Amino acid sequence: DVKVTQSSRYLVKRTGEKVFLECVQDMDHENMFWYRQDPGLGLRLIYFSYDVKMKEKGDIPEGYSVSREKKERFSLILESASTNQTSMYLCASSLWVAGRPDTQYFGPGTRLTVL
Amino acid sequence: QQQVKQSPQSLIVQKGGIPIINCAYENTAFDYFPWYQQFPGKGPALLIAIRPDVSEKKEGRFTISFNKSAKQFSLHIMDSQPGDSATYFCAASKKGAQKLVFGQGTRLTINP
Numbered sequence: 001d002v003k004v005t006q007s008s009r010y011l012v013k014r015t016g017e018k019v020f021l022e023c024v025q026d027m028d029h030e031n032m033f034w035y036r037q038d039p040g041l042g043l044r045l046i047y048f049s050y051d052v053k054m055k056e057k058g059d060i061p062e063g064y065s066v067s068r069e070k071k072e073r074f075s076l077i078l079e080s081a082s083t084n085q086t087s088m089y090l091c092a093s094s095l096w097v098a099g100r101p102d103t104q105y106f107g108p109g110t111r112l113t114v115l
Numbered sequence: 001q002q003q004v005k006q007s008p009q010s011l012i013v014q015k016g017g018i019p020i021i022n023c024a025y026e027n028t029a030f031d032y033f034p035w036y037q038q039f040p041g042k043g044p045a046l047l048i049a050i051r052p053d054v055s056e057k058k059e060g061r062f063t064i065s066f067n068k069s070a071k072q073f074s075l076h077i078m079d080s081q082p083g084d085s086a087t088y089f090c091a092a093s094k095k096g097a098q099k100l101v102f103g104q105g106t107r108l109t110i111n112p
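One line per chain: the protein sequences are A and B, in this order. The opening residue of the first sequence carries number 1 in the working numbering; numbering runs sequentially from there. The opening residue of the second sequence carries number 1 in the working numbering; numbering runs sequentially from there.
Honestly, the hints are just simulated from the structure, not real lab data. The structure presented is a predicted model; accordingly, all values stated were derived computationally and were not measured. Any given hint could be a false lead.
Sample of chain A residues at the chain B side, in silico, Cβ under 10 Å [to be verified]:
id: 1; residue: 6
id: 2; residue: 37
id: 3; residue: 40
id: 4; residue: 44
id: 5; residue: 50
id: 6; residue: 59
id: 7; residue: 98
id: 8; residue: 99
id: 9; residue: 107
id: 10; residue: 108
Here are the computed lysine-lysine pairs in the DSS-like style, where the Cα-Cα straight-line distance is at most 27 Å [claimed, not checked]:
id: 11; chain 1: B; residue 1: 95; chain 2: A; residue 2: 71
id: 12; chain 1: B; residue 1: 94; chain 2: A; residue 2: 3
id: 13; chain 1: B; residue 1: 94; chain 2: A; residue 2: 71
id: 14; chain 1: B; residue 1: 95; chain 2: B; residue 2: 68
id: 15; chain 1: B; residue 1: 5; chain 2: A; residue 2: 57
id: 16; chain 1: A; residue 1: 3; chain 2: B; residue 2: 42
id: 17; chain 1: A; residue 1: 53; chain 2: A; residue 2: 3
Ideal Cβ positions, reconstructed from N, Cα and C, are used throughout, including at glycine.
Same shape as in the complex, but just chain A (with noise of 0.2 Å):
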């Protein structure tokens, strides 16, 4: 079975400081992704990994950046934290298979709070 962690299930921060999300997957998959899921937006990638050191630009990466060192290790920074980033974070990973990713599995979730 495919397990994704993360490193954290509710996390308290305070405004400006600098948050790290960790998130670890077991299956040697080449893809990971981060996604932040609010009510009513569905889940929004904000950024994704296809190997060791390489990183894109999902859909809303303003105020986020990403480290990937090794092939199991993904993780979300917020360099300074705001209020507006208090979500429930959602790492995934996947295989690449005939030109696309595959199946996505993800981790529990982190809720973030930003106070």
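Start from chain A and add chain B according to the hints.
Positioned in the frame of chain A, the structure of chain B alone reads:
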């Protein structure tokens, strides 16, 4: 620009009823349409998927209907159960694209 529009945003159905969730897309290059199911406190998980060469796909009580000309697809849940209560996301992708485009999600509640 939202490329996949999902409706309704929330849906309440009695046990045994047939909830229907609809999605519409704009990009005719999309050729893979998965549905993900998310239970409270969990991440989404793939439920069922369809490609546009077929008009319908069934897996157990879950059916996807696909209308290529209308650029619409929908999820039907037969004999719905309280355990089906979850948030459902439709999505779309095209070959060569590195990401899925998700709909806004539907929060489904099945009352006993």
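Next on the checklist: Are any of the numbered hints broken by this structure? If so, which, sorted upward?
Outcome noted: none
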